[in-house]
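Protein chains in written order, with my numbering: chain A, 1007 to 1505; chain B, 1007 to 1505; chain C, 1007 to 1505; chain D, 1007 to 1505.
These are calculated hints, taken from the structure and not from any lab test. Computed from a predicted structure; not experimentally measured. Heads up, some of the hints might be wrong.
One copy or two, either will do: identical chains are not told apart, so a pair holds if it fits within one copy or between any two.
Calculated pairs, BS3-like style, for lysine-lysine (alpha carbon to alpha carbon, straight line, at most 27 Å) [what the hints assert, rightly or not]:
1. K1484 / K1097
2. K1012 / K1097
3. K1216 / K1120
4. K1012 / K1120
Number of protein chains: 4
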Amino acid sequence: MLMTGKDYLRSIQDGRVIYVGRERIENQTQHPAFAGGARTYAALYDLKCDPSLREVMTYEVNGDRCAMYYLQPRSQEDLRRRNRAHRAIAKFCFGLLGRTPDAIAGNITGLSMKPEVFESEPGGSRTNLLNIYDHLRRDDIFATYAIVPPQSARNKDYYQSQGLSQPALRVTAEDDRGVTLNGMKMLASGAAYAHEVLIGNVMPLAPDQKKESITCVIPLNLPGLSLWSRRPFNRAGIREFDNPLTHRFDESDCMLVFRDVHVPWEKVIVHDNAALSRNIYVQTPSHVMANHQCNVRFAEKLRFLIGIASLVTRATGARDIPVVRETLGRLAAAEAGYGAMIDGQIEAFHQIDHGYVLFNRRYLYAALHWALDNHSQLVDTVRELMGGGQFQFPASIDVMDDPDLRSVFESLWTAGPFGAIERMKLFKLAWDLIGSDHASRATSYEKLFVGPAFAVRNYNFVNAPWDELHAIAEDFMKTYDETDRDPHGGADAMNPVVR
Amino acid sequence: MLMTGKDYLRSIQDGRVIYVGRERIENQTQHPAFAGGARTYAALYDLKCDPSLREVMTYEVNGDRCAMYYLQPRSQEDLRRRNRAHRAIAKFCFGLLGRTPDAIAGNITGLSMKPEVFESEPGGSRTNLLNIYDHLRRDDIFATYAIVPPQSARNKDYYQSQGLSQPALRVTAEDDRGVTLNGMKMLASGAAYAHEVLIGNVMPLAPDQKKESITCVIPLNLPGLSLWSRRPFNRAGIREFDNPLTHRFDESDCMLVFRDVHVPWEKVIVHDNAALSRNIYVQTPSHVMANHQCNVRFAEKLRFLIGIASLVTRATGARDIPVVRETLGRLAAAEAGYGAMIDGQIEAFHQIDHGYVLFNRRYLYAALHWALDNHSQLVDTVRELMGGGQFQFPASIDVMDDPDLRSVFESLWTAGPFGAIERMKLFKLAWDLIGSDHASRATSYEKLFVGPAFAVRNYNFVNAPWDELHAIAEDFMKTYDETDRDPHGGADAMNPVVR
Amino acid sequence: MLMTGKDYLRSIQDGRVIYVGRERIENQTQHPAFAGGARTYAALYDLKCDPSLREVMTYEVNGDRCAMYYLQPRSQEDLRRRNRAHRAIAKFCFGLLGRTPDAIAGNITGLSMKPEVFESEPGGSRTNLLNIYDHLRRDDIFATYAIVPPQSARNKDYYQSQGLSQPALRVTAEDDRGVTLNGMKMLASGAAYAHEVLIGNVMPLAPDQKKESITCVIPLNLPGLSLWSRRPFNRAGIREFDNPLTHRFDESDCMLVFRDVHVPWEKVIVHDNAALSRNIYVQTPSHVMANHQCNVRFAEKLRFLIGIASLVTRATGARDIPVVRETLGRLAAAEAGYGAMIDGQIEAFHQIDHGYVLFNRRYLYAALHWALDNHSQLVDTVRELMGGGQFQFPASIDVMDDPDLRSVFESLWTAGPFGAIERMKLFKLAWDLIGSDHASRATSYEKLFVGPAFAVRNYNFVNAPWDELHAIAEDFMKTYDETDRDPHGGADAMNPVVR
Amino acid sequence: MLMTGKDYLRSIQDGRVIYVGRERIENQTQHPAFAGGARTYAALYDLKCDPSLREVMTYEVNGDRCAMYYLQPRSQEDLRRRNRAHRAIAKFCFGLLGRTPDAIAGNITGLSMKPEVFESEPGGSRTNLLNIYDHLRRDDIFATYAIVPPQSARNKDYYQSQGLSQPALRVTAEDDRGVTLNGMKMLASGAAYAHEVLIGNVMPLAPDQKKESITCVIPLNLPGLSLWSRRPFNRAGIREFDNPLTHRFDESDCMLVFRDVHVPWEKVIVHDNAALSRNIYVQTPSHVMANHQCNVRFAEKLRFLIGIASLVTRATGARDIPVVRETLGRLAAAEAGYGAMIDGQIEAFHQIDHGYVLFNRRYLYAALHWALDNHSQLVDTVRELMGGGQFQFPASIDVMDDPDLRSVFESLWTAGPFGAIERMKLFKLAWDLIGSDHASRATSYEKLFVGPAFAVRNYNFVNAPWDELHAIAEDFMKTYDETDRDPHGGADAMNPVVR
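Chain A with its partners taken away, still in its complex shape:
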């Protein structure tokens, strides 16, 4: 059953514990730091209910409409359907929310497409996984994930030598009903807004880290669980005009702190198996399914970015200068090339087990790497195109509230055909995209959300068909050797052969 935005807003007022510094947030849908974000997520729920988008955003399962992002694709056309749904969501938020409901949905759907992996080793539960998948899809759940140990946990020996309890989340007790968890997990983006969270491990664990292998999908209001938010960028007193993107698109990032949190067995999908805990992502379509959303999201952000870059140059009058046109041409090439890398994943899709199909894996990782490798420089290019423009404007649009200041502002800041307010609006928007606190967090996010650069390069390395690539040169080298002496001319040249 699809939720409306209103249903959604009610559903996340579930008593979860969120801290912003020492402040306990009572209702995230009303608090200045989170209300703007909550409203945006609610609007996404409404978008899914929009009748005109019914075929784009949903599909039928046993007579019910479900969110398209739970679709298990069986044809090239199914891949296009998922792609279109991701795109509609990404367009709505200009690619600025990394953790929309379709993100982790891709992950879980990917797990459900090869559930036998959960039976391949002890500690996995295929049944629980499939039930969880059904529940998320049926109940229109927004799940996020937290699948990395805290940096503070990476020095195990120290804790043992000091007799300290370790910060990494682990099972500290078990009973008939389930497991008890203690410790910390990072970094749940969207946790202030999601319903549930997938807890797991995307980085390999050592064999002796069995107790940390716990993988489960749980509500964010479980007793004992608290969400420690990084500093929100939105706050009371910021005018939407001055920070329009911060206002709507601060998705939140939270450390999850567990103090004797009890999780029932039916929510557990991996337990006491360090290797399996990570393998489920790479031995199933999970990682690929999830990251296609990342690609699509980034593509929409790119479109937003270069549209704004072009508008900025129009407003400064620089757009007609050849070198600026060339810069815009370069940005346009980047945007089109990235789009091509996504469409290529559909053209060159893989047929996999159980009749399912998958986006081209190598193209997907190439696109991930491209984004990570180029985002900072794209932002820097736009920064350069803006010059010092944004610092010329008043600290706040509240100058309009004072008639005298307003008159000065409108007369001195108007630039030819571009009105003072219009210019300020554009520059504040552009700055919120590339220069504000919110923008800066995004710049870090684009660098790390799939893992550090070396990990993304490693995905590209391990998926490359090295034997095939080596063979190109090796086969060629077989066609000549050190004994050949006069390779040119002669009768031979009249007998070309395919070699």
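Following the hints, complete the assembly by docking chains B, C and D onto the known chain A.
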């Protein structure tokens, strides 16, 4: 009728005039500077006749088999067929020949798909164009082109003020049978091996350059026409082992010098129309059709390059060092990303006039730009991976001809499991790909063969949907204004709307 | 007479009009947005009075101690003295304040070293310039500048065609006592803290922009003058621990709005001369003198940046990974290379008119360009080294105020030998250097404070000795010609000659 | 006693064994592959005897004039003297010869400035070192070095397991008179032209590689020693006009093959001490002294490169296009910045033991890194500025020998004021600098001659004053802590303190 390699070699011994410096080349199929190349092109003709590749390389026209690269595509599958044929050719020559027969074939086929452009203005001949297309296809012709004025021609005023004849090719006389041409055209790659050449103008002409607008497709042995070759890289005495790529893949570049060359009217497709002379490429599918071959060729070169890069690191023992793996991962991401940009052109194809279809134009230009922008650095990365390896080896494999030297060589140059000869073979190959004269010409070629970088950026600029991209931000800015005061929280937040 | 910090703070409470949005700031030394900055500037004044720094920071003029940055250098050692004073100031603020008192002091001192330029054309006043220089030096004045027209002013025709008054600052009336100014000037960094401001034009004016050529040095509290601040980054409620750099080093940027501001003649140095208005900077040592401070400041920032980068890698445990060491080695090379570019300016100093000496001009512009060209990427490298570290920490250190939260924080966030608070302190500091609003403004500042990139490249272009550089190749080409035939071996080789 | 060029040419006809492939070179001063280089080195010897350069190129030792590059510097002025001598040599060969006589002279002179290092451990000989230094200086010797094991030697275990003799050079026997050496050493640039060679190890050896630690300075004509040259780029039939740099500046690179070569004890400076074998370079001024020459050489190459880049743009008419000017400005900034990094080494020199002085070590390594990191891209920029220019010209200037071709060439290739020959001369020169085989070898050389990039970054890493850099941030962090609450405003702000 398809030619065999033997037919082809006979056919290009047509009396054409080629100069290498002051030396007149009598028979390019036998001369050390060209025989290796000729043999490679002949092998490409044989490849096309290979029965096992019949469906890949050819298609049926009126009961005859024709080269696939003359196919006018009417469906997504037709695009795939062209793509596959290009790929088979590019694989055969590792993407190292830019001017294979399928290159200009794409150009002319593109012209034939919108022949009405030749009727849109005076001076164009639709009939001649279509007849020429038929002739090339039917007679299995290898055409190249020369469509840029010599650098020396870019200072018109000077020549006029000095009373000198201008170097740019132009019509100097006309009669009933045709036109007489004088001057020079640059830079016909493959001219030593092709049958015919498209003469034209890819750079805009000034309106008063009518006489330079001449566009025609002519045999390379016309009386009065001579081909002035740049220094060939192949020569007698070079062992294939020492320069295996130079030996086979030096495609030649020639300046075309016209001295009273007479061209019959039926070979002329544009005459006395400066604007039309250029517009035919961009107002028809010509430019896009031709450049898809460029993309495919480059992709195969990339595959060859990274295969060799990986083999080199294996031979030096560096492949297991994390930072080297990361570099290889980065190269693999580049290769896969480029492949995706090509496949994306098929997935997002355009439906155009007359029931034809076309590769996605923006994706194609993005891929062109990527190649131009990244090639030098890719080569530089491989250079870095090679270290000084190539300079450690003897000047020539002819050391093997001397028993004493051979014994020293085999004992001291062997490196663990990698034999001395094997290592030398790999490093000489790698160097011929990235470091030799031949390689260096290729590095320049990749930078300029579609025109200078600013022109390629301009193709990306002019094809970008700026209005659509602007609208993304403009529509967003309409959703809020300077009068909004307290955007957060409140009853409003409970009424999310799609905006 | 040198001021103390206390003197200084009193002196800037001078009734100047500062707006932050619609809010009028009554006393910038007490307002949360500016008090931190004011305190830092005051500390710089105290630094200058520190007896232990007497020889570094001051020199004697007619028995008085004056700030070293007013020294007119007459020897290489004098250049070192200026360099040391700049360095002491830059160290104190970690290179994070661009507009410290020594910045514009360099500018004015440079003007005073070639005052005859003011006599070379009508409208300049040598006497006023020299008197102003004496006053600034004698009275220990902190001057800033505003020497760029607002972006909105760059479309003159529009205003005329619409009958609007133009936004660019101009003389609108003259009388016996002086001139009356109206319009706007951008962008006075440090204006909230400085005593006076140099008004002028660093960009060339059109000949008909005579009235805009007004160049003068005036107090910031002149009646009719108001300072429109961009949004300050400091504010009440931010804990120093959470944003330590923002707290102390937000130097402010203000648009200067003039409404019937009267300036007495003795403060005017250029009037009604469009060309002279700009030439004074490049025809005197002014531009070079001022920009040496920029170089020195940037060098200290670099040192701060890479020190922090290294500490961050130590805290994350990554410092021992080879690829991270390599990155730090790369940063260290950048830092040392930049230092060398500054010291090279002293070694290769110029002897100029009147017995003065000057920092090497070409080396200085090279260093400016290097900073502008590399800063963003340096920041990006540190961002990459930080990973998502900064988002793991609580929103504010106020968690320490709650005993329960504090205990959780201290136990879970401690990482081996690195305590929770210590880690948070480091990451908050690093983020304030590269990721916060304050940091982001700095990233734009480094790109534009000397003008756009093309202008800085132009300084490098016009100062390069092209004739000398051309001659290297031209002289070489004279040593051989097209008639040489057998250049090798032979008797000749035994007669080497120097050529 | 200084040699003349003629003396020098006679002196290197010493019976040494050079192989080019299987060909044994009888007299390198007459062979087409080496005669051009020999002549250049001879000219350098004449340059040193030029009376007008006496003070630049030589200094007095016990009444004799010796080459300045053997000067042990005792003052800043001495550093300038060495710098000037290096510069004169580098200018003469446009920075295109890496291995001029002053290169290894710097190395050995550096060893002689801290000879006690040879006494610090067993196996070193201070006396031999000082005698060798005296001999080189007194006899005006040109020494080169070979201090890296062959790549094939890096898999020791393999050889042992296979019972094979190892390729790395080692002592295989000892007797009263000296040691017997067998194996191979790479890569002696200049070995065809030098008198002697320093054999040693710049890469750390494992403790069990005692026998490989042999370090000695020996003549290149020792019995049993043979020089295996990489392919020379110069050869009979190449006209100087077509490859002017190859013709004069192919310095040669040789693998040194030792077969029972006997070296007398007095030529040995390290024996049977793996650690000392490497430490002598870094624990003495040796590495820094040698690499200052590398810096100076590179600076002159840069000047040559950008002079030619500018001339090329003048010849193509592109120099007035803004974006091209900007590129030239960027190149000029690079050139000036590099010059500054060298002059900075003199301004910030180190006072070291025994009253000697040294170039600033960190600045030197920074400059080395900059060159290695930027050279390829500088070349690529020039390549881009050249476009396809060089391929437009005839294969050889021998077209001038044929009256008919000459007339066509002169009429069609002349471009306005630039004659056909003049243009061809410039483009051939430019191509020989950046595009030919010779140029390509140089591009690899610049990447590896001081070792791989990671090693150069490591020099920068280990020489950085990390404690000092850390302290900047650490001292700052001590000035505030988590207990500060309201840092702004208040009475406190009136009491600024230096902190």
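Right, here's what the structure says about each hint:
| no. | hint | verdict |
| --- | --- | --- |
| 1 | K1484 / K1097 | between (52 Å within a copy, 16 Å between copies) |
| 2 | K1012 / K1097 | within (21 Å within a copy, 55 Å between copies) |
| 3 | K1216 / K1120 | within (23 Å within a copy, 58 Å between copies) |
| 4 | K1012 / K1120 | neither (35 Å within a copy, 55 Å between copies) |
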